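Engineer: Start from the sequences, fold in the hints, and give me the full structure.
Just so you know, the protein sequences line up as chains A and B, in that order. Mind the numbering: the first sequence is residues 1 to 724 in this note's numbering, read in order. Mind the numbering: the second sequence is residues 725 to 881 in this note's numbering, read in order.
By construction, these hints were calculated from the structure, which means they are not laboratory data. Wrong hints could be hidden among the right ones.
Stated by the list, open to error - FRET-style restraints, in silico, Cβ to Cβ:
hint : chain 1 : residue 1 : chain 2 : residue 2 : range
1    : B       : K876      : A       : V8        : 36 to 42 Å
2    : B       : I739      : A       : Q527      : 40 to 46 Å
3    : B       : D840      : A       : L12       : 47 to 53 Å
4    : B       : V734      : A       : L123      : 21 to 27 Å
5    : A       : L204      : B       : Q855      : 31 to 37 Å
Claimed, not checked - Sample of chain B residues lacking proximity to chain A, with all beta carbon distances greater than 12 Å (derived):
hint : residue
6    : I737
7    : L755
8    : K800
9    : Q805
10   : P814
11   : D836
12   : E842
13   : R843
14   : K848
15   : T852
16   : Q855
17   : N856
18   : G860
19   : K861
20   : T869
21   : N872
Said to hold, decoys possible - Sample of chain B residues lacking proximity to chain A, with all beta carbon distances greater than 10 Å (derived):
hint : residue
22   : L743
23   : E752
24   : Y792
25   : A809
26   : K812
27   : K813
28   : K824
29   : G841
30   : N857
31   : Q859
32   : P868
33   : G870
34   : D878
Values in this document were obtained by computation on a predicted structure and should not be read as measured data. By construction, the Cβ of each residue, glycine as well, lies at the ideal position given by its N, Cα and C atoms.
Listed here are the chains, written in short residue letters.
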Amino acid sequence: MTMHFDVVVQVLIQVLLVIGLSRIVGLGFRRIKQPLVIGEIVAGILLGPSLFGMVAPETAAAVFPPETIPFLGVLSQIGLIFFMFLIGLELDPKYLKNGLNTAILVSHVSILVPFSLGTILSLLLYPLVSSDGVSFTAFALFLGAAMSITAFPVLARIITENNLQNSRLGALALACAAVDDVTAWCLLALAIAVTRTNSMIEALPTILASVAYITLMATVGRKLLKHLATYYDRVGKLSQSVLAFIYMGVVVSAVTTELIGIHLIFGAFLLGAVMPKNPGLTRELAQKTEDFVLTFLLPIFFAYSGLRTQIGLLNRPILWGLCLLVVLVAIVGKYFGTYVAARVSGIDKRDASALGWLMNTRGLTELIVLNIGLSLGVISPLLFTMLVMMALVTTFMTSPLLEWTYPKQQIRKTIVKPMDEIEPGYRVLVPIANPSSQRGLIQLAMALAFGNMPSQPRRAAIVSPLSFIQLEEDYVYESTPAEADRRLAIRQGQLDDLVQSLEPSDLQKLVRPIIQVSNDVARATAQIAVRDQADLVIVGWHRPAFSSNRLGGRVGQILSTAPVDVAVYIDRQTSKLERLLLPYVANIHTDLGLELAVRLLINCQNTDLTILRVACDDQPVSEFSYEFHNLMARLPNSVRDRIATPIIQADSPILAVVDASKMADLTIAGASREWGLDRQTLGRYADELAVRCRSSLVITRRYSHVASHLTSILTSTSLESGRN
Amino acid sequence: MNLKSLTFYVGSIGIVVALFSFTTAYGEANLKASTKIEGRYRIPAQNLPGCLKDDDPVVLMIQQSGVYLSASLLSKNETSQTITAARKKPSLSGTWEEQKLELSGLLSYLDDCQKDGERSPTVKIEGTFSQNNLQGKIRLDSSPTGINFTGKRDSEQ
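Structural biologist: In structure tokens:
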């Protein structure tokens, strides 16, 4: 590489590389259920001497020449300042409303224990990895602070993703992390002041100045900023001039704390923290700021940090041993500190344990601390690398360990208010994307579950419309717990309206919406189906205008992954359910279709069913299976009388069915090749019938060979009497 | 906050403050971190063995994390790209304990020491440090005995 570019061009090429790689790795980590941010940190490390520099040192040196690094440094500092402002902005006193005393106790003890262990560990590490320019006190303070960090933003995301934010555990963890954040920043400020002056006594002026500045901001600053909220409420939007004013405030505050002798980031954080928490203002401010900061500037910070992380320095077993020790001390200190304090505060074992794991999340907050330490020279590159590994391990392990101590079922028990305890014989789960347009789907589910005739005796059945709030991104304001709650409440309102509009109204109470946060709709649907022992998942589908992948996407995923019977409903806006059509082919998916059709016949007395068989020239007509005859024999006459079983002669089975569907309100077809419906080959050829059918269509796919959709309904006494 | 929590709280803070004071007092008094020797050392090469002789002088670039060192031998007029590469992937590693320096590894960054198709020669350096000077022996794998050298630390860092 002999090309020589202008420095600006070089930096821009680096930025391109950094943003591209951190997106890719970040999304990769999302796929394995880890926060995006860990992936971004890892991407930064990959670009540094740990991988890129190790494999191709000359190329890496050409891509990241030393003269460009200061520019990356400045960009990353700007990113950091605004990121800290966002963290401060997110820190809502609302999180502290529950159990503040417990939170303060738990979070302080959860700092004290790892801090003490860190101090003791420095007795071992100081002679080995520090050099004589650094005082022991500064080293011990720094290591202690690094051990006691909890990353509020990462923790908040993990909590929201697990739908814990309204549980006692979640609220407590959020409060603890918030207190922890503030305390740890104070501790870090102290460590920096001591490092810069090299003794506790000489750091005193800095400490006093910091306390004075914090007090000033929390009183006068807060009061002045309140006017901003008033102004915002009056105008109703955040103008660019106001935004410029706020950003100037961020910079001024950052520079002030730097001049005082602590660090830029504290001022930015402080301003964010004292901003009035007016929901509209905060949301708009966060949304305007975060996209550029999080997608552009923060990855640069990770890359800058990764360029300084040199895993190759761990080149002898003793160093790996020390690294392991650092990781263990960090984990054990945080876990036991939290656990013991939580137990003393009267929290039960499982919650205390989950809290211990949650508080171990160090994430990028730790990375911020470490980079400051490295820049100040208080930690050496080797110790920096060990602590980066520790930050990665502790963040990485949180989600799996939380799942282990606090399985999803357990979470549900603590959140969901128990309903009247009827044990439904039949449960239909209806994932809906848009509550306003899927009323027809829910009416069908109701018809299947308990019939839509007001006079019909109620079956013990429940329909659960299932709605997900998706949090696509990790750090965005939208996925903070408070914001997620707001969106959940809005969605709940929409679903309540939907339920209110259902007919007949006396059955509305059997429709029970489930709303939760999830990023993987298909997987979450499958999990809930298993958890609630749903008998059927029925999902709606619209033909996308410009896509050839017709039954693909989310519906296709649910269809191929949910471990229960699935029906896909394609609504052609028919309001009646009086004439059903079932094209018959002997296979298990059609059997499912038949069972559902029979359920409709039993539930709705004006409905009749045509079971259509087609005879082609080259194919004999499909014989009814043993199961079919068996089912027919079990039906009462009042139902059997409404079933017709014609055979028609045609060249193409599918055309014959399309033709017959003109006369039907609803066609029910098992997923099978004859109709071009094959769940194994969803996609281009998959769903000819889905496109051409002239009535509404239900495509059924059988999963369980044992489950019967008729057990609950055929044994009920009303039918037994009708049979005779 | 009830009495039990308060006692626990005050007690634990007290213990931690005491522990911290005691540890730092002990550490400041008894523990000594290693002298900082990180930097670039210019070594006149007339007397150096083997391929090292051809570069005059050679530069020993040392990076330090406490007692653990990593380093590379470079030629004086090395491009900044190679220097950066050497920082990313140092070719020597070693320790700096009890005023004794030990480094060993490959001569990957000296062009004169690379022969086509062969591994870079290995090198061992032992030495002591005083007042910006590094003194010691340097030994290539080809030669049985070490050759004395002196290196002076560049003032520019």
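Engineer: The structure should be examined with respect to each hint, and the outcome stated for every one.
Structural biologist: How the hints compare with the structure:
no., hint, result
1, B:K876 x A:V8: 36 to 42 Å, "holds (38 Å)"
2, B:I739 x A:Q527: 40 to 46 Å, "holds (45 Å)"
3, B:D840 x A:L12: 47 to 53 Å, "violated (38 Å)"
4, B:V734 x A:L123: 21 to 27 Å, "holds (26 Å)"
5, A:L204 x B:Q855: 31 to 37 Å, "holds (35 Å)"
6, I737, "violated (7 Å)"
7, L755, "violated (5 Å)"
8, K800, "holds (18 Å)"
9, Q805, "violated (5 Å)"
10, P814, "violated (8 Å)"
11, D836, "holds (17 Å)"
12, E842, "holds (19 Å)"
13, R843, "holds (17 Å)"
14, K848, "holds (16 Å)"
15, T852, "holds (16 Å)"
16, Q855, "holds (15 Å)"
17, N856, "holds (15 Å)"
18, G860, "holds (20 Å)"
19, K861, "holds (22 Å)"
20, T869, "holds (27 Å)"
21, N872, "holds (27 Å)"
22, L743, "violated (5 Å)"
23, E752, "violated (5 Å)"
24, Y792, "violated (6 Å)"
25, A809, "violated (4 Å)"
26, K812, "violated (3 Å)"
27, K813, "violated (4 Å)"
28, K824, "holds (15 Å)"
29, G841, "holds (19 Å)"
30, N857, "holds (17 Å)"
31, Q859, "holds (20 Å)"
32, P868, "holds (26 Å)"
33, G870, "holds (23 Å)"
34, D878, "holds (16 Å)"
The structure shown violates the earlier hints numbered 3, 6, 7, 9, 10, 22, 23, 24, 25, 26 and 27.
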